[in-house]
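Whenever a hint applies, use it, and build me the whole structure from the sequences.
Just so you know, the sequences run in chain order A and B.
Letter 85 of the first sequence, counting from 1, is numbered 89 in my numbering, and no numbers are missing.
Letter 62 of the second sequence, counting from 1, is numbered 72 in my numbering, and no numbers are missing.
Bear in mind the hints are in silico, worked out from the structure with no lab data behind them.
Each hint can be trusted.
Far from chain A by the CB rule (all over 12 angstroms, computed), these chain B residues: (1) N40; (2) A95; (3) P105; (4) A109; (5) G111; (6) V113; (7) N117.
Cβ-to-Cβ under 10 angstroms is the rule here; a few derived chain B residues that face chain A: (8) L13; (9) N15; (10) M16; (11) G21; (12) S22; (13) L24; (14) E27; (15) V58; (16) D79; (17) V81; (18) G83; (19) E129; (20) D139; (21) A151.
For glycine and all other residues, C-beta sits at the position ideal for the given N, C-alpha and C.
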Amino acid sequence: MSWLDMDTVQEILRYMDLVSIREKLAVGNIANIDTPGYKTLDINFHNALNRANQELDSDPQPPAVYQVPDLIQRPDGNNVSLDRESVILAGVQLEYNTAISLLKQQYGMIQLAITENNGA
Amino acid sequence: MNLFNMLDVSGSALLAERQRAEVVATNLANAETTRTPGGGPYQRQEVVFGTVRVAQPSFGQAFDSAADDAVRGVEVTRVVTDSAAPIQRYEPSNPDANAQGYVDYPNINPAEETVDMLEASRAYQLNVDAIQATKDMVTQAITIVSTS
Chain A
5 MSWLDMDTVQ EILRYMDLVS IREKLAVGNI ANIDTPGYKT LDINFHNALN
55 RANQELDSDP QPPAVYQVPD LIQRPDGNNV SLDRESVILA GVQLEYNTAI
105 SLLKQQYGMI QLAITENNGA
Chain B
11 MNLFNMLDVS GSALLAERQR AEVVATNLAN AETTRTPGGG PYQRQEVVFG
61 TVRVAQPSFG QAFDSAADDA VRGVEVTRVV TDSAAPIQRY EPSNPDANAQ
111 GYVDYPNINP AEETVDMLEA SRAYQLNVDA IQATKDMVTQ AITIVSTS
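This is the structure:
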């Protein structure tokens, strides 16, 4: 692990990976809101993040995608909920922006360490 | 599948919803059409949506996870013709009237078509919002590079 690959940075990157997978699934669900028989897909975010952080030194295992149970199903077999997907979409944007701010801060600290001694 | 591919997924939905709106518009426009090339009154049409794999397999995708593979776009798989019997109206002076003086009119319910059009319009807006969300995320990611 190089000096740039701090654990914190790795954790943030994995978090961003999982957040963007969630965004992709929400976008796919929204695209198929009128497709007969389509079932809402999602990942178990907390389990996936816990596991990814326990295996920081190895390649992350891709999270398992599952069909979300207990959603109200329409007569055509589709169970995409507009409200659920909108909330997820709004949430992942905030989560992603948060992660990027943290990442910038981490890199900013390295930058600080590099430049701090310039005057001396 | 990267974030840019998500624009294709939302884009496929925009295309499908617009095709649906076009079919609804055709139905409304032909609500009184009594002559068609095939003979008889216009028959109401309806789109059927199906999932579709959006991105073409590429070198980069060989490394995609199962989660990326699960994401599907949407397409209009076919357009079905409503087989409902035509509505008969008594108009003896109409050139399309039969021997009893009845004219076959398309069996189109304007309220039903309007609701369908609204649904297509709302779904279109929703997918535009999804595209905006994806764009915002990509834009944010770019700021990591541009500032330090």
